[in-house]
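Asks: Sequence:
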Amino acid sequence: MKILIMRVTLRASWVHSLKEKRMVIKSLMQRLRNKFNISVGEVDEQDIHQTLVIGIAGVCGTSAQVHSTMENIINFIEENTDAEIIKIENEEDVF
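In the numbering used here, the protein residues as written are 243 to 337.
No lab work stands behind these hints: they were computed from the structure. Any given hint might turn out to be false.
Claimed, not checked - Okay, the calculated beta carbon distance ranges per label pair: (1) F278 <-> K329: 16 to 24 Å; (2) K277 <-> E326: 16 to 24 Å; (3) E321 <-> S255: 17 to 25 Å; (4) M243 <-> Q292: 36 to 44 Å.
Since we're looking at a predicted model, the values are computed, not measured. Each residue gets a CB set at the ideal place from its N, CA and C atoms; glycine is no exception.
All chains should be built: construct the whole structure from the sequences, respecting the hints.
Replies: If you want it as structure tokens, here you go:
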């Protein structure tokens, strides 16, 4: 069993309030949950309007599934939001 752990930082330059940011990030997180059956949450920079940081965790059977899922998640984020990905951190744990 492999554990997928990712932290994705995005920049949404058009966001000018926390209310706008909340709408963008909640929508993206819900779509990620529905599409990939993973855990997603806002993990940092909650008070900064234009920076979105989401943490992602999931369970996969093999390392190949972990890497494939990470690529699919990144592609999904790029296709489903106007926010720019500025940093991706990932970690793979073995259990």
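Asks: Now look at each hint and say whether the structure bears it out.
Replies: Status of each hint after checking the structure:
1. F278 <-> K329: 16 to 24 Å: Since F278 and K329 have Cβ atoms about 20 Å apart, the given range 16 to 24 Å holds.
2. K277 <-> E326: 16 to 24 Å: Cβ of K277 to Cβ of E326: about 20 Å, so the range 16 to 24 Å holds.
3. E321 <-> S255: 17 to 25 Å: Holds - the Cβ-Cβ distance for E321 and S255, about 18 Å, lies within 17 to 25 Å.
4. M243 <-> Q292: 36 to 44 Å: 37 Å, holds
When held up to the earlier numbered hints, the structure conflicts with none and fits them all.
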